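Colleague: These protein sequence lines map, in sequence, to chains A and B. In terms of the UniProt record's numbering, the first sequence is residues 1 to 336. In terms of the UniProt record's numbering, the second sequence is residues 1 to 68.
Think of the hints as simulated: they come from the structure by calculation, not from any bench. Bear in mind the structure is a predicted one, so any value in this text is a computation, not a measurement. We put the beta carbon where it would ideally sit given N, CA and C, even for glycine. Where hints are given, some of them may not hold.
[Stated by the list, open to error] Coverage of chain A stretches by chain B, computed from C-beta distances (three or more under 8 Å per stretch; other residues unrestricted): (1) 233-244; (2) 251-257.
[As the list claims (entries may be wrong)] A partial selection of chain A residues facing chain B, derived with a Cβ cut-off under 7 Å: (3) M1; (4) A10; (5) V11; (6) M12; (7) H13; (8) H20; (9) F272; (10) E275.
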Amino acid sequence: MDCDKCGDEAVMHAAYSGLHMCADHFCRSVESRTRRRVREDNLLPDDASPDDPETWLIGLSGGKDSVVLTQILHDTFAEDPRVELVALTIHEGIEGYRDESLSACLDLTDDLDLRHELVTYEEEFDLRMDDVAVEDPMDMAPCAYCGVFRRDLLSKYAAEYDADKLLTGHNLDDEAQTALMNFFEGDVEQMAKHFDASLGAFPGAADGDGDRDGTPTRVSTDGPFVPRAKPLRDVPEKEVALYAQLKDLPAHITECPHASEAYRGEIQQLLFDMEERHPGVRHSIMAGYEDLAAMAARAYRDGGGPEYGECERCGATTTRAVCRKCSLVEAVQTAD
Amino acid sequence: MVTVEVVGEETREIDPETLGTDPTYADLVRAVDYSPHEVSVLVDDQPVPEDRAVDADYVRVLRLIKGG
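Generate coordinates for the entire structure from the input sequences, incorporating the hints supplied.
Modeller: Encoded structure:
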């Protein structure tokens, strides 16, 4: 089968667009979708300058998604004095698994000569996920603890490094799954939060309150948190993996031994089946979801979102007296 | 017969004639119980489009791994 662009041997077929592409045209397509998302989301504001550059913190786990994101952002912005990239890896204390992916992170950041920081649950919270998964004092999936701890550290270090934005490697499949989960749970307010936290475009100086080139803008940034964005969210997971493989990137490809998001797994299977029968369904889910989530954000958050205070134990930004991370750390320590 | 190695898991022998007329690599992937959207298909270590007709007798199937 031949590439529809140049006639070379095709390495992939995107059923949703009907295109066959060779390795070269496929990789260029992934890069251009990512760069278009960076532009449409207005990640780089007009007032960024070599004297006052933007700092973007990339959550780099060493898995395929964050490795591909880091590589493409580096290729795009390494020579741009308006952007400084910093990669942050979080070691959760998962024997073997995270040690190997850390080595992928080091290979990549050494190769790209990129600033790389490492923080650990052990040093930050005096716990390791291997122990949390066994003790499980709250009777939850390990991912539920780990997600709270990880988000806490990403926010903490984004603020510490004075980052303007926090970028993560979520892909199209991740976002379509989250969208469907919010629908199925009937949680419209969560859609509003999702939109303002990471989906909406950043308003530009000339945009006022309107949309930016058809992309809805965030109603209110997520309180004092460093705003997040997901430049890979137009690229299907399978294509992110193929890009990593074709570019021979040092991505770590082992499943987390504690992975247990059963509900998300059900949604993932549902989406695989739907995409088989109706190519393009993930894209259309996200197109509709973003519009609906933007409307929900205007309805729920026009007043500026919830009131935030400081956690009385760690000082982190929270809507509670004691933040969720401190509650979970206490539960784990008490169970010891 | 086509040998299908699901990397890190199992290896199975599939008779393409059981997959209908002109079976594709997507048909082969479904025959080993995966969706074409959760794997890459490699022939001679090169990725191939899943809608290509099966033309190899040894195929490697790489599962997608969730997570960052």
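Colleague: None of the hints should be skipped; say for each whether it holds.
Modeller: Here is how each hint holds up against the structure:
1. 233-244: Coverage by chain B holds here, the residue count being 5 at a Cβ distance below 8 Å.
2. 251-257: holds (count 4)
3. M1: holds (5 Å)
4. A10: The hint holds - A10/A has a Cβ within 7 Å of chain B, the shortest such distance being about 5 Å.
5. V11: Check passed: Cβ of V11/A comes within 4 Å of chain B, closer than 7 Å.
6. M12: With Cβ-Cβ at 6 Å, under 7 Å, it holds.
7. H13: holds (4 Å)
8. H20: For H20/A, the interface hint holds, since the closest Cβ of chain B sits about 6 Å away, which is under 7 Å.
9. F272: holds (4 Å)
10. E275: Given a least distance of 5 Å, the restraint on E275/A holds.
The structure shown violates none of the earlier numbered hints.
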